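K.L.:
Here's the letter readout for the chains.
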Amino acid sequence: MAEQANTTLNRRDSRRSKRVLFLTLALLLLGTLALPLTGYLVTGVSSVEAAAAQQDASSNPRADYWREVREGNQGVTTTQGPEAGILIQNGGQNWRQIRQGPVTTYGAIGLGVVILMMVIFHVVVGRAKLETRTGKTITRWSMLDRVLHWYVAILFIILAITGISLLFGREFLIPVLGKEGFAAFAALAKPVHDYLSLFFTAGITIMLLKWIGQNIPNAADVRWILSGGGYFGGKHEPAGFVNGGEKVWYWILFIGSTAMIGSGIFLLFPNLDWTREAMQNANIIHGISGLLVIAGSIGHIYLGTIGNEGTLEGMVTGEVDEQWAKQHHALWYEEVKGSTSSAGGAARPSPAAPHE
Amino acid sequence: MARMKFLCDAERCIECNGCVTACKNEHEVPWGVNRRRVVTLDDGVPGERSISVACMHCTDAPCAAVCPVDCFYTTDDGIVLHDKDLCIGCGYCFYACPFGAPQYPQKEAFGVRGKMDKCTFCAGGPEDDGSAAEFEKYGRNRIAEGKLPICAEMCSTKALLAGDGDMVADIYRERILKRSTRPQTWGWGVAYKADS
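Chains as they are written, first to last, in my numbering: chain A, 5 to 360; chain B, 1452 to 1647.
Everything labelled a hint here was simulated from the structure, so no lab data went into it.
Owing to the predicted nature of the structure, the values given are computational and were not obtained by experimental measurement.
The beta carbon of each residue, even a glycine, is placed where N, CA and C say it ideally should be.
Straight-line distance between alpha carbons at most 30 Å, and here's what the computed DSSO-like set of lysine-lysine pairs gives:
hint	chain 1	residue 1	chain 2	residue 2
1	A	Lys-183	B	Lys-1644
2	B	Lys-1535	B	Lys-1566
3	A	Lys-330	A	Lys-251
4	B	Lys-1598	B	Lys-1629
5	B	Lys-1644	B	Lys-1535
6	B	Lys-1609	B	Lys-1598
7	A	Lys-183	B	Lys-1535
8	A	Lys-239	A	Lys-330
9	A	Lys-330	A	Lys-140
10	A	Lys-133	A	Lys-239
11	A	Lys-183	B	Lys-1566
12	A	Lys-183	B	Lys-1588
Stretch by stretch, here's where chain B covers chain A in the computed footprint (C-beta under 8 Å, at least three residues):
hint	region
13	68 to 81
14	100 to 111
15	175 to 186
16	262 to 275
17	280 to 287
Using the sequences plus the hints, can you model the full thing?
P.N.:
Here it is, written out as structure tokens:
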């Protein structure tokens, strides 16, 4: 009897435990299905925070720190100085490679090629001589124009020599002068370059603004440039007071010197707390624009002196021979002649204000 | 021959600036010039770490590569030094240096830079060792006296290590074995080539 009751009890027990097992499994199954969905409750509220937390947990904090250093992040420091809070700046590497590589290499090659081109031009094409000299002159450049030109020219030559000395001196001058000799020159060249740049900036700004009116390109300039200015045979297209080639030089000078002066401010005033990145970029722009204008000036000096007979005297005395004007600036010559015969004066018509 | 290196253990540096002060005092560095500085990243948040940084005396140093007057030289110990008699204060080494080591005293008006000053690894300059002229320009020459840089010698937690690269690496390796972490040879990847 008791045995029978016991087995019934056992049977009931096992039935109950089966039911519990089944319920537990059902609950687990439900939980497995439903619980992951609760993630949406969190992500739905703040998916960004959740993602950040996940990333934090999965990354190495020490690696993160090193990464932060390499990215050049600003930290806290009691030391006062330009960008003292940055442990590693990466821009220097790029700056060094651009300056030591393309700027120095192609700059030197470029200047060499320009000088070589001038020599070849002189040998092949030769000097553009005046057919005759009439002995009669026309006023081309006023005293103010000439003073401006020579003021800027002299400063430019000094700045160019000191500037390229700093760029190429280590390669070309140290082998000749020795380290001490070159350092003595460079120690003078740097302050000379720095201080004269201020006077140059003032001069070239006035000069470029004074001459901008006569340097607006027109259709005659396009024809002049397409015909090669008559240097390579063919017809010499008539030019106005300023011909196409001179206008090209004007705008090279305009753009180049704007870039030089703009970038020079960053290099000249480190006390204004520029970032290193700004100074690195400024140095590259300064180098490229400086080389560009120096290359242009080599062409300008050649064409203005030995390349064309009678041109230099215009900028020295202000007077050019009538034959020179007829040969090089036919349209201007006609203008002057026209106004001279009508007004009876010999003065050069102001190019900034065209006279009808 | 030894190859001198600096190593700052970021796990130990407590940002006390003792190294900065020791350096300024030892070399009588002029106002406004800090040959060494301590930088703290993530200040006040978890993961905050401090690093003491000065000239790392790089192999194939960028400053030396860009100097227009070629005033830098590397000693037999791998210490990068410069000649202030040649320096023209152009600032190019400051543009090139990854660590911001070159410093310039402001000479006069218009923000003109004076001659560059930087950490010498307490090894002076080209003048005679221990001469007055050397001290005037570069500070004390402790290396010539058989001593190591004052910043590392003074470091209260021995976070900043200075000396022969192999010995520095050995000390640091022992530490990281005990900590069982990855090495954090700060700045070595930037400053030193694998074979030096």
